[in-house]
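Enquirer: Sequence:
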Amino acid sequence: MPHVSNVDDVRGAPVSDRYLRPAAGAVVDPEEITELCARLRAPGCPPQGTVRLGPWELEYRHPRAFASTVELLFRDRIYDVDGLAPPGVIIDGGSWLGLSALHWRRLFPGARILAFEPDPELFEVLTGNLERNGAADVRAHNIALAGQKGELEFLATGTDAGSLRVRSAPGRITTVPAETLSGYVSEPVSLLKLNIEGSEWEVVDELGDRLAQVDQVLIEYHGFNELPQTLHRILGRLDEHGFTYIVSHFNERNRACVPPLRLTAGFRYFLLIYARRLGGTG
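Residue numbers (the UniProt record's numbering): 1 to 282.
Just so you know, these hints were derived from the structure itself, not from any lab.
Here the structure is a predicted model, which means the values were calculated and not measured.
Each statement offered as a hint is correct.
Here are the simulated SDA-like pairs of lysine to any residue, each with C-alpha atoms no more than 25 Å apart in a straight line:
(1) Lys149 x Thr127
(2) Lys149 x Gln213
(3) Lys149 x Thr230
(4) Lys149 x Glu187
(5) Lys149 x Pro188
(6) Lys149 x Leu227
(7) Lys149 x Arg172
(8) Lys149 x Arg139
(9) Lys149 x Thr174
(10) Lys149 x Val185
(11) Lys149 x Ser168
With the hints as constraints, model all of the structure from the sequences given.
Expert: Structure representation (structure tokens):
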């Protein structure tokens, strides 16, 4: 694992010289992002196809969902972290078409990345995007992360909204293999990301004390009226295991979280939880 000099990260906490720092220049041109997303949102854009973004050739599905993901990851950089603690292991729960895994592979060329995507059709797109762009070493798993092992019903939407829990979105019910996260956390994990459409608490709860082996966490919390409220449980578990956390509402398009605040019977909102062990590893 490469060593770097001490620097201060944007949150004011020291980044240890044991941390793997992001590669210089691994940023996509903002004008390129704007131009691509305009094309993807334009009337008549094909529902699937291939586009260029930065160094990548990417196959997409559902262009509007793809455009939103491109903006969040590469313009807003919601998954960027300042460094990875040894051993440089990233778990990408809910990898969809592989954009997050490709981004991390470019930021941290030496990292070991495990990607999980339960939708079998989208998994083919995911693996194709990885192989086409020199990231075939990402260990991709065509399974759902869940609170229990087995064959579970899954709502396949074709977009980034496929879910074990949600049933209100358009799609079809299929059966997918599910595994527990604890089976993949037998050694320290540098970064755990979960974007698993309502199953986040079940997965964190099942992980139990193995959460203590994780250095940084990114969780997309789905606050949907059809699901139990579990934000307090997730934050409580992070606190129990020594994490300091931040909760963000992403951006102004997340209207339910932008003042004036309202709660109605059909509420749907999203939050991003970032947690880190300050003064832990390193």
